[in-house]
Amino acid sequence: MDWQGQKLSEHLMQILLLAFAVVAFATGYIMGSFQMMILIYAGGVVLTTLVTVPNWPFFNRHPLKWLDPSEAEKHPKPQLAVNSKKKSVKKN
Amino acid sequence: MHSFGYRANALLTFAVTILALLCTIGSLSDNLNTPSPSAQIEILNINWFQKQPHGNDEVSLTLNITADLQSLFTWNTKQLFIFVAAEYETPKNALNQVSLWDAIIPAKEFAKFSIHTSNKYRFIDQGHSLRGKEFNLTLHWHVMPKTGKMFANKIVMSGYHLPEDYR
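As you go down the protein sequences, you meet chains X and Y in turn.
Heads up, the first sequence stops at 92 in full-length UniProt numbering, and the numbers go up one at a time, no gaps.
Heads up, the second sequence stops at 167 in full-length UniProt numbering, and the numbers go up one at a time, no gaps.
No wet-lab data here; the hints were simulated from the structure.
Each statement offered as a hint is correct.
DEER-style ranges, computed between Cβ atoms: (1) X:His75 - Y:Ile25: 55 to 61 Å; (2) X:Ala26 - Y:Pro91: 53 to 59 Å; (3) Y:Thr24 - X:Lys77: 54 to 60 Å; (4) Y:Thr34 - X:Gln14: 32 to 38 Å; (5) Y:Glu134 - X:Ala26: 49 to 55 Å.
All residues carry an ideal CB built from backbone N, CA and C; glycine is no exception.
Using the sequences plus the hints, can you model the full thing?
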């Protein structure tokens, strides 16, 4: 799952759960059935789990673009030479 | 790390939090209900009225209890516990309560009833002050919810008398 996918999955999870909670409460209250509220909400939780927990393809539509190895060679990492020198001085 | 387990855990935590919230709101919604219960209790007969060998007064009554408690039921009500208590004053105690009969009402359909019964539990005074005593019959109820707060209330019916003599 890429970064955008993680954000999407988290938002989807929160929005879906809240929406199901609202629908469940409204239905249960209007029908006068506590059991109906629990059932709808339980169904909502299962559905949300199926949508947001597995790593679906649509969470991977923004793959990270890594630099080519050749590009990386043109911009070498700073050497740690200075650091090692300091250390050696301290040791002496 | 945003793994399968992490997402499952976050979802479960959030889902349970919302469930707790739903139950809380469900319990609070009981306050929107303004019940109008009614009850009448008739004493059909005083079966006997005697002094026990060790000195306590005991009465046996036949009661007719009629009540309509349907308005106490809401969508969050599991059951109703009701009991009838005889309440009276003696020189020693300002309030004596003796439970005479009780019942559990499991559903709204059974909340409107009329029952003809003798007292289920013995009406015994701690002493011998029941002769000619004026007493109240009080119908108490406790509403047991599916979640949240329990409610209790009562209807007091006054003006009942016991006979002046044992019989």
